[in-house]
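> Residues per chain, in single letters:
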Amino acid sequence: MATLFKKDWFGLLIVVIVSGLAIAAVKPAFLSHFNLYVLMVSTSYMLIIALAQMIIIAIGQMNLSVGAIGGLVAISFSGLMEVHQISVPVAVLIGLVIGMMCGFLNGYITAKSGISAFIITLATLYIFKGINLGITEAEPFYNIPETVKNFGNAKLGNTPIPFLIVIPIIITFLMWVFMNRTETGRHMLAYGNSVQSAELIGISSSKVVITAHVISGFLAATAGILVVCRLQLGTPNIGDSWLLPSFAAPVIGGAILAGGKVDVIATALGVLIVVIISQALVIFKIDPFFVQIFLGVMILLAVLVNRYREYKQEALRKIFNSE
Amino acid sequence: MNKKIPNFIFTNQFGLLCLVLIFIVIFSTVTDGFTSRFNIFALSRVIAIDIMIGLAMMVVILTGGLNLALGAIGVCAAMFGGWCMEVLEIPIIPSIFLMLGMGSFLGWINGFITVKTGVHSFIVTLATMSIYFGFMTMLTEAEAFRRLPELFTDFGSAKLFNKYISPLLLVSVATCFVLFYVFRFTDIGRKLIAAGANPEAAELSGISVNTMFIYCHILSGFLGALAAILLTTRIGAAIPSMAGQLGMDWLLPAFLAPVIGGTLLSGGKLSVFGTMLGAVLVTLLTNGLYLLDVGEFWIRFFLGIILLLAVLLDRTREYFTLKNVIVS
Amino acid sequence: MSEFCLEISSANKSFPGVKALDQASFRLRKGSIHALLGENGAGKSTLIKIITGVHKQDSGKLFINGKEETLNNPNDATKFGISVVHQERNLIRRFSVGENLMLNNLPKTALGLIDYDEITIKSKKWLEIMDLDIDPKTVVSELTVAKMQLCEIAKALSLRAKILLLDEPTSSLSPQESENLFALLKKIVRDEGVSIVFVSHKLEEVFNICDDVTVLRDGENACTSEDIKNLDRQKLVRLMIGRDEQIVKSARKIENAKDIILALKNVKTELGHKNIDLELNRSEIIGLYGLVGAGRTELMKCLIGQDKITGGDVIINGKKVTINSPKTALEKFKIGYISEDRKKEGLILIHNVLDNTSITVWSQIRKAFGFVTDGMIANKVDSYIRQLEVKTPSNYQLISNLSGGNQQKISVAKWLAAGTDILIIDEPTVGIDIKTKAYLHELIIKLADNGTSIILISSDMPEMISLADKILVMKDFQVNGIVENDHDYDAVSSKIMEFIHT
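First to last, the sequence lines map onto chains A, B and C.
For the first sequence, this note's numbering assigns the number -6 to the initial residue and increments by one for each residue that follows.
For the second sequence, this note's numbering assigns the number 4 to the initial residue and increments by one for each residue that follows.
For the third sequence, this note's numbering assigns the number 40 to the initial residue and increments by one for each residue that follows.
In short, the hints are calculated from the structure, not lab data.
Just so we're clear, the structure is a prediction, and the values are computed from it rather than from any experiment.
Among the clues, some could well be false.
[To be verified] As a list, the in silico SDA-like pairs of lysine to any residue whose alpha-carbon atoms are at most 25 Å apart:
(1) K186(C) <-> V188(A)
(2) K254(A) <-> E157(C)
(3) K373(C) <-> T189(B)
(4) K373(C) <-> I227(C)
(5) K147(C) <-> S190(A)
(6) K254(A) <-> K307(C)
(7) K176(C) <-> N151(A)
[What the hints assert, rightly or not] So the derived list for chain A, only partly shown, Cβ under 8 Å to chain C, looks like this:
(8) P138
(9) E176
(10) T177
[Claimed, not checked] Simulated restraints on C-beta separations:
(11) L294(B) <-> N143(C): 36 to 46 Å
(12) S197(A) <-> R199(C): 15 to 25 Å
(13) R150(B) <-> L86(A): 25 to 35 Å
From the three backbone atoms N, C-alpha and C, an ideal C-beta is built for every residue, glycine too.
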């Protein structure tokens, strides 16, 4: 039981439960069938967006093009179906491949040039967004096949659980397995902890960086496709607002931006916290622009708290070891 | 021994100058209307603002950091000024000072948080970007100020030099000269550069690095506000979306100009006139492509490619600075 | 079968501008511990990099167990059983010991997932060989540095290393931990058939556990695989520096009259110092001697205000003062600090000679509105650059293009230009060529004679005994003892060592 308390995500779980209950106590509608459904829908793509950034934070980098990739795939997905009559499964496949290629571009240039991923993804952000706008000319794709729309709307039986969230949950599980139980995942974290040590051990930096970015691109693509299902449209501004939440959730989940320390479950809980509080703002009729202020403050606080904890642990270790 | 003039030929700035001239020649011959009075005037206004934005980011890149909140600061300053002039009816000159003060203040917050917490300015300004923008939107309820004093808006549409050049450009170029003077001929400018190049060494040599970094952020906010003032006079109104969502529209020109111009992303090395030429080059390219009917939606794509090439160049340049290209 | 498990014959290696190895040879006997010695810049690290496959020699042969081989990369070296344990730790601190040990080659289950139970079982075996009673599931960050190092050795063994290179292995260890390490090294040589290359600056250790010695000097062999029984300290030093150790018996008289410019009374710091008492007289040179980790640099950084002093008094010229930043230290109290790590803390590599030398004086020479030009700067600092005989084609040469010795001279010049009353000099001659080293020693004495009071931090015993008027011996962030220096090497060095070992 004591080990449970020490886990990063336990504290977050408490926060989620307590805040959820507290809000419900004041506004019972918060836990209504409908509201829970809305919460889970938001969580579904937020989760994947957060994981797309989390894996890059794991290797000590940042991916500013998460939203741009998601947006590009979203319009490609819808465009292929509307304009070229491509079947849904094939369109999904092509969309995912596009995402992976975008990720590959990011990873390859970062790995080979040694330039910080921040700047590379800032440039590709504009490149991908540019392609997006070039294709759509700022006009959305409206004709989405019925199957896709239904998928976006369906629920599991009589529960408030949307179909939409099933895939993200599976992906979250797979990511957990990847980061904790696979060699590539562990090598990525090793690299994030210390590039020098990892290279000396014989871990290939290029392989780690490129793989991480490809996965990030894949996840961003998935999120883009899910959003199209949900919105029933392929609009060019999908992804424009992803940057902040993509950082907020992992950071609230205890991630250290220098790399080497991320937690899948804590990130998921971070997503929940962001979604719950955003939703609460709506329910309490607080100005929606406040969400942005809130997100910004949360990021700052979370980063500070994480650093402080690292600092404390390091200090404790010093005292412990000098005995 | 000081043999500086002949070596100008090898510098980055000279290369840029050549590129600018080459593109001017190309676009003048290939397109219709590039050299028209109308176009050059329009260009001069865009260049003026891009130069200012580039300078504002440059001073933070100098510290090895980033100011993602630049656009947000600009918009906040502009809306604040709009409110002062339109609602409080404060006269223009004091309003301008207030706007600059607001920009400096918001920049100070960024700098203060960055140095006191030790968190990288990327994350700090990522957070403050949304905080500033959020507050601004809340307070203004996303309403624009469209009834600004005529004298103010006239400045933006004024035409000088036989109607070719906007006075906005003169403001920007004058700012370049001032900054050049500061960084080359004052002790504080040198200290800022030293602090950015190697904070540990600078600190141990008696420079208060934290103070220097805060100054850089204040200056960045100040210049951002100045850019916003120029933009507001040009538009003729203070509009919350003038820099895009969260002010992010400014980020691309803000990075492109300094990086192309020779300011190292790792900090400690900058070029004021390089930034100026970088802004000119990017605006020229954008304008030329637009006149060539490339389609406005593809411009962003091209700019992204240019940024990519510029940083690859930056990397090569950094490599050679540390290696062996001796200019002596 | 050759009696040598590793042999390098007549290796040459050049880099742009410098010949690192000139016909260098090396022979490692099976089952021996072989010391590789040489001053900084002698070619040791190049030889090590060739052995570990990081570099390839330009010419010359490499033999492993008598057979000629080519190492193209570190992986090749590992395949041949060559492993290296570096000076800095290279474990992933957030991972467990077991995972670190097996990180190259994680055992997997049928599904391709990592088998953590296997990791525990397999790594336990290697930990036991190193007498490490640690649960493999322990997170590395919870171990002491000494234990981390032993884990790295265990890992090398697990990779079937038969040739183990240890680079400055005791630089972060306490004497106890060092003794423990040596016992284990002897054990694995005996029981696991490992041969060891031992790189160290500490001659006492070399005589303690090594069987053979190879000394490199200026890229060449000063001696090759010499049996250690044929050598003593003096002979070894002569081989390393090409002449006898020089103890400069300075003509400085120890003034008995006290003129205390700086005093520390019962000082405590946030970094862990306790009960620090120190008295520095005008024109005096005080030495701070100690092993790595004694807290000397840390103490000086607290003195100049980089880190905090939490208790006790700092007294300058009879008045209690608080120094809260290096800026205050310099501008208010004229205290300067020449850093031990000149590349990271002493110089700005991407700037030129002029900017680096003048960084401390910009505030001094500026005119109205902060106006400062290169010309004004050159006027002020040129004389110091000339005085120190810095070899540079021009004032605008980038610092990164100067040699180590000239770089060090610039990092000194900037403090001369600043005109300090108290100068703290931290390891001034590490990695510096012999000629510059002698020059800097003369300079330090001259400075003191001309009125600057100096605190000298050095781990170089001969240097310390040459220069200091009195020597404070520090250990574990406290002052263990004070030795008055009459420049008699044997007497003074043994008194110092006594204080180190209590």
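> Please go over all the hints and tell whether each is borne out by the structure.
Each hint tested on the structure:
Taken as a hint, the K186(C) and V188(A) pair is honoured in the structure, with Cα atoms around 22 Å apart against an allowance of 25 Å. Among the hinted pairs, K254(A) with E157(C) is consistent with the structure: their alpha-carbon atoms are about 24 Å apart, no more than 25 Å. For the proposed pair K373(C) and T189(B), the alpha carbon gap of about 23 Å is at most 25 Å, so the pair holds. For the hint linking K373(C) to I227(C), the alpha-carbon distance of about 54 Å lies beyond 25 Å, and the restraint is violated.
Distance hint between K147(C) and S190(A) is fulfilled; the C-alpha atoms sit about 22 Å from each other, no more than 25 Å. A hinted pair counts as satisfied when its Cα atoms are at most 25 Å apart, and K254(A) with K307(C) does not qualify at roughly 35 Å. Between the alpha carbons of K176(C) and N151(A) the distance comes to roughly 45 Å, so the proposed pair goes past 25 Å and is violated. For P138(A), the shortest C-beta to C-beta distance to chain C is roughly 36 Å, which exceeds 8 Å, and the interface hint is violated.
Of the supplied interface hints, the one on E176(A) holds, with its beta-carbon coming within about 5 Å of a beta-carbon of chain C, less than 8 Å. Nearest Cβ of chain C to the Cβ of T177(A): about 10 Å, over the 8 Å cut. The hint is violated. Look at L294(B) against N143(C): about 58 Å separates their beta carbons, and that is not inside 36 to 46 Å. Restraint check, S197(A) to R199(C): a C-beta distance of roughly 22 Å satisfies the suggested window 15 to 25 Å.
In this structure the supplied range 25 to 35 Å is violated for R150(B) paired with L86(A), their Cβ-Cβ distance being about 55 Å.
Consistency note: the structure conflicts with the earlier hints numbered 4, 6, 7, 8, 10, 11 and 13.
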